[in-house]
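With chain W's structure known, arrange chains G, S and D on it following the hints.
Chains as they are written, first to last, in full-length UniProt numbering: chain W, 1 to 163; chain G, 1 to 163; chain S, 1 to 163; chain D, 1 to 163.
Just so you know, the hints here were simulated from the structure itself, not pulled from any lab data. Just so you know, not all the hints are guaranteed correct.
For chains that are exact copies, the list does not tell them apart, and a pair is met inside one copy or across any two.
[Claimed, not checked] Below, a list of computed lysine to aspartate or glutamate pairs in the EDC-like style, where the Cα atoms sit at most 20 Å apart: (1) Lys98 <-> Asp58; (2) Lys153 <-> Glu22; (3) Lys117 <-> Asp16; (4) Lys154 <-> Glu76; (5) Lys157 <-> Glu61; (6) Lys72 <-> Glu2; (7) Lys157 <-> Asp16; (8) Lys157 <-> Asp96; (9) Lys154 <-> Glu2; (10) Lys117 <-> Asp58; (11) Lys117 <-> Glu36; (12) Lys98 <-> Glu2; (13) Lys154 <-> Asp18; (14) Lys153 <-> Asp89; (15) Lys153 <-> Glu2; (16) Lys148 <-> Glu2; (17) Lys157 <-> Glu22; (18) Lys98 <-> Glu36; (19) Lys157 <-> Asp18; (20) Lys117 <-> Asp18; (21) Lys154 <-> Glu22; (22) Lys98 <-> Glu22; (23) Lys98 <-> Glu65; (24) Lys72 <-> Glu36; (25) Lys98 <-> Asp16.
On a predicted model such as this, the values are computed, not experimentally measured, just so you know.
4 protein chains.
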Amino acid sequence: MENLVILTTGGTLDKDHDTFTESLVLGAENVTNVPELLRIARTHFPRVQPIMSLDSLDMTEAHREQILGAVKIVPEQHVVITHGTGTMDQTARFLDGKTGDKTVVLTGALRPFALGKSDAGFNVGGAIIAAQTLPPGVYAVMNGRVFKPDGVKKDPKSGRFDL
Amino acid sequence: MENLVILTTGGTLDKDHDTFTESLVLGAENVTNVPELLRIARTHFPRVQPIMSLDSLDMTEAHREQILGAVKIVPEQHVVITHGTGTMDQTARFLDGKTGDKTVVLTGALRPFALGKSDAGFNVGGAIIAAQTLPPGVYAVMNGRVFKPDGVKKDPKSGRFDL
Amino acid sequence: MENLVILTTGGTLDKDHDTFTESLVLGAENVTNVPELLRIARTHFPRVQPIMSLDSLDMTEAHREQILGAVKIVPEQHVVITHGTGTMDQTARFLDGKTGDKTVVLTGALRPFALGKSDAGFNVGGAIIAAQTLPPGVYAVMNGRVFKPDGVKKDPKSGRFDL
Amino acid sequence: MENLVILTTGGTLDKDHDTFTESLVLGAENVTNVPELLRIARTHFPRVQPIMSLDSLDMTEAHREQILGAVKIVPEQHVVITHGTGTMDQTARFLDGKTGDKTVVLTGALRPFALGKSDAGFNVGGAIIAAQTLPPGVYAVMNGRVFKPDGVKKDPKSGRFDL
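The shape of chain W in the complex, shown without the other chains:
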């Protein structure tokens, strides 16, 4: 029941502290910490395919078309997409109804993996299980909950994805 791929698009999960600018930045294009996250998780099976490296606030319709294209073209039926939390809801609604018999699960993190004490491992661990157990469709998994595209909503006060 593997048949699972992780597509990475950037977002907070993959940011790190930059000494020179003293800010959080994404690495060079297609650089992702997801393989290291999986190594620590001791789960070596999902293939990881970086498709872009963006702050999700910079994501345009063209980027969402590119993500949809990647979901369709990969051979796996179960797809996890790592994504910034800022516009995860928009991408979920964009993909909704267009992904055929695939189970697609968006996830991300509120604190970068590279900073430690991050929710990244917990969220990706949940998304990988959701992608294997849920029926075809588009979902988001954040902080222990499964959301349908209409229910994905980051609470700006708590910084969490609450129902």
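For chains G, S and D alone, kept in the frame of chain W given last:
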């Protein structure tokens, strides 16, 4: 769709390095790192109820009866149990068929949470999703995979739960 | 040979990731991670006294007067000051020649303590030893080296304090 | 004022959790985490030379002769030795008076570097400064304090090196 509780029983997940004996030990009875793990995961919703604090190699039939009793008595329908990996398969088979309409998911870790670079967050994150998405029954979730009681088996060579 | 105090002033060492603004920020006034750093270092002896909580780029002559006042008034003869790296050189030169028979050592970090994989523990560990072993005067200790006030200089290319 | 080398001999600092035996073990001979510790500390200057990889309780007179030989033969005048805490006092007294005009500083850790929340970086940071600031002789630096060979003593109750 919360209605979820985490019962903790000890195991590697909750061990830590002891300066004096230079070995890995469990804390005092009922001490667990799961609340701290959930804080980092930024998922505050599951209630955590410690029921014992044991290396799973020391677990007896009486302990398994105690776990079963706790599963039955808690009001939640979705139950995650943190458990040592050494005898997780025995407890899964012990519980199998006795838990009514509850969804029960065993999980644990191969490296203690307190040592960093642990699979604990990833595994618990997966188990929490599995407990909400799978039909009633007994399962184990380890390192990105869902196992039925007959399929739970730690590979002593790889230290992983492989199919 | 203790007779040592740590005065904290803020700087990168004490910044942390803020979920809402997605930037690195200092906590509320006088909040510092130095006591937690000392707990991990298992060195409980230095008294920690927060005197301000500033990005060192925002530090004015008035703040430097306040630091000098604190150095003079504390009863300890050996003083470590945690400080942002951006203007550590200016504060070192400001204090130089004004601190009597005290040994004063400035230190800081290029990556926040709270982000993990930080140089904070290493730098503070070095500064505490320098404050006990060097003759009276003003110094900076960063990344394994001792600098006199004239030699404190952050290399903007390497992000290190090179000779 | 560099002219500094770090000789590694093993000890708790370099242990890690082993999944299969569930205990703390040293890696293969001459494997050490000190280069990674220095990378995080952003201090690239000290040469690191592994000379053995032992639990210090297994250290014999022959091993101490080997350490003394290494101290004498390296070209650097300032020498830090990473060492297990169990017999650091014996090695300090063995080396005392035999190291000519070199400044030799023993250090170690009470919690392995690889387990996180370790005192290793703090201790090595202090030892590197001590080796540059103290006159020739043999010392130990642990948890913020400098000890002469006669004063090195691990308190079995607190797990610290107290005066």
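We went through each hint and held it up to the structure:
Proximity of lysine 98 and aspartate 58 under a CA criterion of 20 Å is satisfied in neither setting, with 22 Å inside one chain copy and 51 Å between copies. Taking identical chains as interchangeable, the C-alpha atoms of lysine 153 and glutamate 22 lie at most 20 Å apart only when they sit on different chains, with a minimum of 17 Å there against 29 Å within one chain. In this assembly of identical chains, the alpha carbons of lysine 117 and aspartate 16 lie at most 20 Å apart whether taken from the same copy (13 Å) or from different copies (11 Å). With identical chains, the CA atoms of lysine 154 and glutamate 76 are never at most 20 Å apart, being 29 Å at best within one copy and 26 Å at best between copies.
Proximity of lysine 157 and glutamate 61 under a CA criterion of 20 Å is satisfied in neither setting, with 27 Å inside one chain copy and 37 Å between copies. Taking CA atoms no more than 20 Å apart as the test, lysine 72 paired with glutamate 2 passes inside one copy only; the shortest distance there is 17 Å, against 32 Å between copies. In this homomeric assembly, lysine 157 and aspartate 16 come within 20 Å of each other (Cα to Cα) only across copies, at 18 Å, whereas the closest approach inside a single copy is 23 Å. With identical chains, the CA atoms of lysine 157 and aspartate 96 are never at most 20 Å apart, being 27 Å at best within one copy and 42 Å at best between copies.
Only between protomers do lysine 154 and glutamate 2 lie at most 20 Å apart by alpha-carbon distance; the minimum there is 18 Å, versus 30 Å within a single protomer. In this assembly of identical chains, the alpha carbons of lysine 117 and aspartate 58 never lie at most 20 Å apart, being 26 Å within a copy and 29 Å across copies at closest. When the C-alpha separation of lysine 117 and glutamate 36 is checked against a cutoff of 20 Å, the pair qualifies both within a copy, at 15 Å, and between copies, at 10 Å. In this assembly of identical chains, lysine 98 and glutamate 2 lie within 20 Å of each other by CA distance neither inside one copy nor across copies; the values are 22 Å within and 29 Å between.
For a Cα distance limit of 20 Å, the shortest separation of lysine 154 from aspartate 18 across copies, 15 Å, qualifies, whereas the shortest one inside one copy, 26 Å, does not. When the C-alpha separation of lysine 153 and aspartate 89 is checked against a cutoff of 20 Å, the pair qualifies only within one copy, where the shortest distance is 6 Å, while the shortest distance between copies is 38 Å. With identical chains, the CA atoms of lysine 153 and glutamate 2 are at most 20 Å apart between copies only, with a shortest distance of 17 Å across copies and 29 Å within one. Taking identical chains as interchangeable, the C-alpha atoms of lysine 148 and glutamate 2 lie at most 20 Å apart only when they sit on different chains, with a minimum of 15 Å there against 22 Å within one chain.
Taking the shortest Cα distances, lysine 157 and glutamate 22 sit within 20 Å of each other only across copies (13 Å), while inside one copy they are farther apart (25 Å). Taking the closest pair of Cα atoms, lysine 98 and glutamate 36 never come within 20 Å of each other, the shortest separation being 31 Å inside a single copy and 39 Å across copies. In this homomeric assembly, lysine 157 and aspartate 18 come within 20 Å of each other (Cα to Cα) only across copies, at 12 Å, whereas the closest approach inside a single copy is 26 Å. For a Cα distance limit of 20 Å, the shortest separation of lysine 117 from aspartate 18 qualifies both inside one copy, at 18 Å, and across copies, at 13 Å.
In this homomeric assembly, lysine 154 and glutamate 22 come within 20 Å of each other (Cα to Cα) only across copies, at 14 Å, whereas the closest approach inside a single copy is 26 Å. For the homomeric pair lysine 98 and glutamate 22, neither the shortest alpha-carbon distance inside one copy (40 Å) nor that between copies (32 Å) is at most 20 Å. Taking the shortest alpha-carbon separations for lysine 98 and glutamate 65, only the intra-copy value of 11 Å comes in at or below 20 Å, while the best inter-copy value is 48 Å. Taking CA atoms no more than 20 Å apart as the test, lysine 72 paired with glutamate 36 passes in neither setting, with 26 Å inside one copy and 39 Å between copies.
Taking identical chains as interchangeable, the C-alpha atoms of lysine 98 and aspartate 16 are never at most 20 Å apart, the minima being 33 Å within one chain and 40 Å between chains.
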